[in-house]
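**Q** Sequence:
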Amino acid sequence: MKCRDISELLEAVKRVRIANKDSVDPKAEKLLEELRRCIVLHYFLDELVEARIWIRMFQNIVKKCIAAVHAKNVLLPKEFRSFVSDPLHHLSKKLFNYAYEFARGRLDEESFLRVAEAAVRTSLRSNLRSLYENWVFLALVYELGTLYSARIVFPEHMHILLERSGRQRGGGIPPNLILALEGRGYLSFFLEAPRPIGWGDTRDLTKSWKFYVALRPDLLVYSGRIVDIVVPKGDPPILQPTVIIECKELEDWYLRTREVRGPFAEPMTAEEWRNRWLKGLWAGLADILGVDNVERAYEVVKRRKGIRLREPQIVKLYAKLYRPKTMFLVSRRPVPSWVKSELEADSIVVIDDVGFNEEKLREIVDELEKIAGYEGVDVDLVPVRRDDIEKLDKLMMLTGLKSREELVSALIHYVWVHRDEFVKELGRQQKLDS
559 MKCRDISELL EAVKRVRIAN KDSVDPKAEK LLEELRRCIV LHYFLDELVE ARIWIRMFQN
619 IVKKCIAAVH AKNVLLPKEF RSFVSDPLHH LSKKLFNYAY EFARGRLDEE SFLRVAEAAV
679 RTSLRSNLRS LYENWVFLAL VYELGTLYSA RIVFPEHMHI LLERSGRQRG GGIPPNLILA
739 LEGRGYLSFF LEAPRPIGWG DTRDLTKSWK FYVALRPDLL VYSGRIVDIV VPKGDPPILQ
799 PTVIIECKEL EDWYLRTREV RGPFAEPMTA EEWRNRWLKG LWAGLADILG VDNVERAYEV
859 VKRRKGIRLR EPQIVKLYAK LYRPKTMFLV SRRPVPSWVK SELEADSIVV IDDVGFNEEK
919 LREIVDELEK IAGYEGVDVD LVPVRRDDIE KLDKLMMLTG LKSREELVSA LIHYVWVHRD
979 EFVKELGRQQ KLDS
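Using the numbering used here, the letters of the sequence shown correspond one by one to residues 559 to 992.
No lab work stands behind these hints: they were computed from the structure. One or more hints might be untrue.
[Unchecked claim] Beta-carbon label-pair distances, calculated as ranges:
1. S899 / R943: 53 to 59 Å
2. S895 / H715: 43 to 49 Å
3. R614 / R986: 47 to 53 Å
4. T680 / R943: 52 to 58 Å
5. V789 / Y601: 17 to 23 Å
6. E921 / V942: 35 to 41 Å
7. D951 / V975: 34 to 40 Å
8. E667 / K630: 46 to 52 Å
Quick reminder that beta carbons are idealized off the backbone N, C-alpha and C, glycines included.
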């Protein structure tokens with residue numbers, strides 16, 4: 559789509575008279591749509607071209623991931639799905655209300671361009687951040703499927719879920735995905751957790767949970783089949799993750815800072831200070847700020863009405879707060895040695911210059927294979943062919959056992975006791991078959 563000069567478009571819109579959004583003639587509507595699209599193309603053409611390249615990379619890993627673990631599909635959040643489907647249209651929609659306000663004379667030209675540019679930039683950054691985080695997650699799943707024959711055991715509908723919110727209404731946080739690695743165990747994946755949940759009468763945790771929600775790593779991975787990570791009496795109040803993976807898509811991410819406000823800017827009562835969850839969180843923050851106790855950390859934050867932390871400090875705070883056995887940072891672009899040293903001093907493994915090359919994630923994939931386990935597994939489902947089921951039933955009748963479960967347990971026990979003979983016989987049969 560070719561665009562007219564932006565100044566010409568702005569003047570044309572100024573000549574339009576719109577009383578309200580419900581009574582716009584088709585010509586004016588078309589003009590406003592043209593203005594929205596042309597602003598995106600005029601100010602963000604280079605970024606849009608790059609976004610389309612990233613989207614192609616993402617769509618490619620989606621296809622490969624579905625094939626590798628035999629998934630039915632990958633389900634995307636509504637906003638992100640809209641962006642991936644048509645980034646220009648998605649970004650243009652962010653200017654819908656602003657364009658009407660400009661046409662009605664409620665925004666002057668300078669104010670309109672300022673808020674329009676900010677809205678598009680915010681949406682673009684947010685979606686590219688989500689895209690790279692999702693790409694890393696799906697690339698890990700693809701590699702696990704390819705190298706270790708991983709298969710989906712949750713969700714049972716066999717769709718890989720990339721949604722974050724709206725899935726914890728019952729007061730718990732379910733996983734986005736659970737994989738079974740043949741002969742190795744299970745891995746449970748949680749994207750951007752912990753998330754807001756309803757606490758009911760658990761008032762002592764309601765306040766502290768806001769802090770944890772404000773400090774949310776990109777990906778938590780647990781050994782075993784974990785269906786909920788909320789632990790109301792824990793410290794912190796979620797299960798200790800086996801692995802945390804934080805993703806950075808920007809070239810200069812380590813130079814950026816983030817304002818951590820929200821609950822950190824709120825005063826705390828003496829009762830809240832006695833809350834052990836909050837004490838643990840502030841202890842980690844004290845270490846990051848370089849002060850010697852939690853009270854001084856709180857005074858620093860209260861004085862500033864919030865706190866601004868460098869991105870490497872936030873990554874280190876995740877490690878101190880959630881205490882994973884291993885933490886990885888994945889950077890799309892190279893990371894300077896001084897940043898690596900700062901993170902590695904806190905035992906954070908940096909995997910940089912990854913781009914969109916899933917093979918560069920092999921170190922993480924191999925670590926995930928090692929941690930796969932059977933935590934949370936009491937009974938497992940194993941696919942059995944129909945003719946084998948018939949044989950099991952005949953054996954059950956011959957042995958007098960009352961259930962397939964008893965029979966399978968007895969068979970496993972027998973084979974285990976005679977495992978050396980079994981392995982030799984199996985090897986002999988395989989040679990004959992070949």
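**Q** Determine for every hint whether it applies to the structure shown.
**A** How the hints compare with the structure:
The beta-carbon spacing between S899 and R943, approximately 55 Å, falls within the hinted interval of 53 to 59 Å. At roughly 46 Å, the beta carbons of S895 and H715 sit within the given window of 43 to 49 Å. About 51 Å separates the C-beta atoms of R614 and R986, a value consistent with the hinted range of 47 to 53 Å. At about 54 Å, the CB distance of T680 to R943 agrees with the hint of 52 to 58 Å.
The hinted window of 17 to 23 Å between V789 and Y601 is violated, with their beta carbons roughly 47 Å apart. Remark: the range hint 35 to 41 Å for E921 to V942 is upheld by a beta-carbon distance near 36 Å. Take D951 and V975: their Cβ atoms lie about 24 Å apart, and the range 34 to 40 Å is violated. At roughly 49 Å, the beta-carbon separation of E667 and K630 lies within the given 46 to 52 Å, and the hint holds.
The structure shown violates the earlier hints numbered 5, 7.
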